[in-house]
Amino acid sequence: MAETLAPVAPGGGSRSPGRSLSAFLHQRPRLRLSLLLSAPVAWLVVAYLGSLVALFLSAFWTVDTFTGALIREWNLENFRTLVTDSVYRTITLRTLGVAALVTVIDALIAFPMAFAMAKLVSPRARRFLVVAVLMPLWSSYLVKAYAWRVMLGEGGFVDSVFGTTPGYGLTAAVIVLAYLWLPYMILPIYAGLERLPDSLLEASSDLGARAGRTFRKVIFPMTMPAVIAGSIFTFSLSLGDYIAVQIVGGKTQLIGNVVYSNIGAANNLPFAAAFALVPVLIMVGYLMAVRRTGALDEL
Amino acid sequence: MRRNRTLLAVAAASVLLLTAACGSSSSGSKGGTSASGFKVPDIPMQKEIGPGEGQVNLVAWAGYVEDGSTDPKLDWVTEFEKETGCQVNVKVAGSSDEMVSLMRTGQYDGVSASGDATLRLIAAGDVAPVNTSLIPNYVDVFDGLKNKPWNTVNGKTYGVPHGRGANLLMWRSDVVKPAPDSWSVVWDANSPYKGKVTAYDSPIYIADAALYLMHTKPELGIKNPYALDDKQFQAAIDLLKQQKTVVGEYWSDYLKAVQAFKSGSTVVGTAWQVLANMAQKEGAPVQTTLPKEGSTGWSDTWMISSKAKHPNCMYKWMNHIISPKVNAQVAEWFGEAPANKKSCALTSDKNHCNTFHAEDEQYFSKVWFWTTPVKDCLDGRGPKCKDYAAWTQAWTQIKG
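Residue numbers (the working numbering), protein chains in the order written: chain P, 1 to 299; chain U, 1001 to 1400.
Since the hints were made in silico from the structure, they are not lab data.
The beta-carbon is built from N, C-alpha and C at its ideal position, and this holds for glycine as well.
Treat the hints with care, as some may be off.
[Claimed, not checked] Subject to a maximum C-alpha distance of 25 Å in a straight line, what follows is the list of computed BS3-like cross-link-like pairs (lysine-lysine): (1) 1146/U to 251/P; (2) 144/P to 1262/U; (3) 1342/U to 1146/U; (4) 144/P to 1256/U.
[Said to hold, decoys possible] Some residues of chain U that are not near chain P, with every Cβ distance over 10 Å (derived): (5) 1088; (6) 1097; (7) 1104; (8) 1253; (9) 1306; (10) 1361.
Just need the whole structure built from these sequences, with the hints factored in.
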């Protein structure tokens, strides 16, 4: 611990405080680093991980069923309800299904779009397309969701163009979520494709591969991590969403809605916390599963 | 390695800080109260009204606190603000449960609570008894609304009655023909309006099913839709699960409900008169009725928070909202029976009090006012009824 017994800097005495502070820090790389990191680490630990810890802890409490006052006694009641009550299993599976479906739809739409942006169009058109993809992100989530409510309604845009509308329900929820999260899928895939050297595609065709084979053997394996990176966004965002579902989902409930109604209406924060841990666990599992594909390096 | 240790130290310190913060907040927890025969925390009543504090924060039903932003003609807030200097901030709640949880935050001075929320608020110590001698207009409130089990406990009054009304059946008159006079149109599994029926999104809606069963299955012996034993409760849940097949969406957000009726994605369902007023204002051909089976309803009470930061303004507000002219305006806009006897003479529609049966106790005997279901059956059968927690859980299961 030689650094703590700081020797006075040579030639000192007439220095300004700012300079002597920088000299002081210069000699102490570890202090410098910890000062630099303290704000982000404090943020990460206190605000981010801390809130998760608080969530985890409160999941073990219960509330007085009549007054709704918190009872801070350690018990597993909430988890027992989650496991034994089949309705929560149904809701979890439904939510997983929606998240998976949204991810697949987004991947299918995003891939050709990203491919065109990265490989086919002129730089000018590319810039235009990037802006076009980003533009929806600049407007409010609620505006977009309510716009879809109007479009999907009776006599709305969808109805008048296609002659029919799915109405409000699970289908509408999937459509709107897929719309909302699409940019989060396009951008990672675009980034991945842009890094794919054109020479590989040329080599593949020089060796006699047709477009389909080049896609299967070259493009797809090399951009798979980018697709998975995008899927982490679309999947986790869909798992947690409740607003779009509330607006266009009709009578559908997903995990987010049950969590929300337990906090807002039933005032059962502990149960909401317990149920909110389910998507956290699903995401941890998903991240562990995709870690080896290299998808996390793409984020 | 050394670098890691520094990071670890920072992390550990932060976790310590966090647990310390958690610990201090948990020491402030309230004493226990139980569902059956609940204890009422002793909260002092205000003795006198001082000068206003400059503002008042309210939790209210949609349509209760209008400042002219919905319609320039609907404004009973601006005048109050000018007179008292109390700026009114309002948070509109969609359900009684939301009101209870908002009041628990302690950030609001008062609430327009319905009968299914009041006892929970009183038992939890979230609201204080009201000194009615500080509210000059209180003497003019209908006797049928005073000293009711949902606003008075152990002889202490916990609020100022605001008005009462029924949950009505609302429909699009251009689609739903003939005009329905029975709730069967929303409960029948073969309803011709399948997929376009709406229902109120709250556990208390289970009582609507029980009310319908009172008339269609008398053998269940339901005497009070808020007092259901295991068998009756199950029957109500089965009916609600059957109803789910015809429901398009459940509503608690009143704007969403109005929009759905307006666009026609909903054509029939439970609503309040104020929703019909809003929809008609926007050109939707909707009508309402009190069906022959009767209906559930509400009797609302303005209550003051035990943690009110602006109690003087709140007292002034409670007096203002039941003053004859203002109570008449609110009652007409919301579509309810006013609380103040003198309001009936001041409504712009002179027939309003007759239409809403303000003085007709016979009519209100057909309306089952929202009441918190408790274990001790409200119809006096002893402790074999489902309590509100069971109702809440069942509601999640009904929606599936």
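Evaluation of the provided hints:
For the hint pairing residue 1146/U with residue 251/P, the CA-to-CA distance comes to about 38 Å; that exceeds 25 Å, so the pair is violated. For the hint linking residue 144/P to residue 1262/U, the alpha-carbon distance of about 20 Å falls within 25 Å, and the restraint holds. Taking the CA atoms of residue 1342/U and residue 1146/U, the gap is about 16 Å. The hint holds against a cut of 25 Å. Between residue 144/P and residue 1256/U the CA atoms are separated by roughly 15 Å; this keeps the pair inside 25 Å, and the hint holds.
In this structure residue 1088/U is separated from chain P by more than 10 Å, as the shortest Cβ-Cβ distance comes to about 23 Å. Against the 10 Å criterion, residue 1097/U falls within the reach of chain P, whose nearest CB is about 4 Å from its own CB. Interface exclusion of residue 1104/U from chain P breaks down, the closest Cβ pair being 7 Å apart, not more than 10 Å. With a least beta-carbon separation of about 8 Å from chain P, residue 1253/U fails to lie farther than 10 Å from that chain, contradicting its non-interface assignment.
Its beta-carbon lying about 13 Å from the closest one in chain P, residue 1306/U satisfies the requirement of being farther than 10 Å from that chain. For residue 1361/U, the requirement that its beta carbon stay farther than 10 Å from each beta carbon of chain P is met, with the minimum near 30 Å.
Of the numbered hints stated above, those contradicted by the structure are hints 1, 6, 7 and 8, listed in ascending order.
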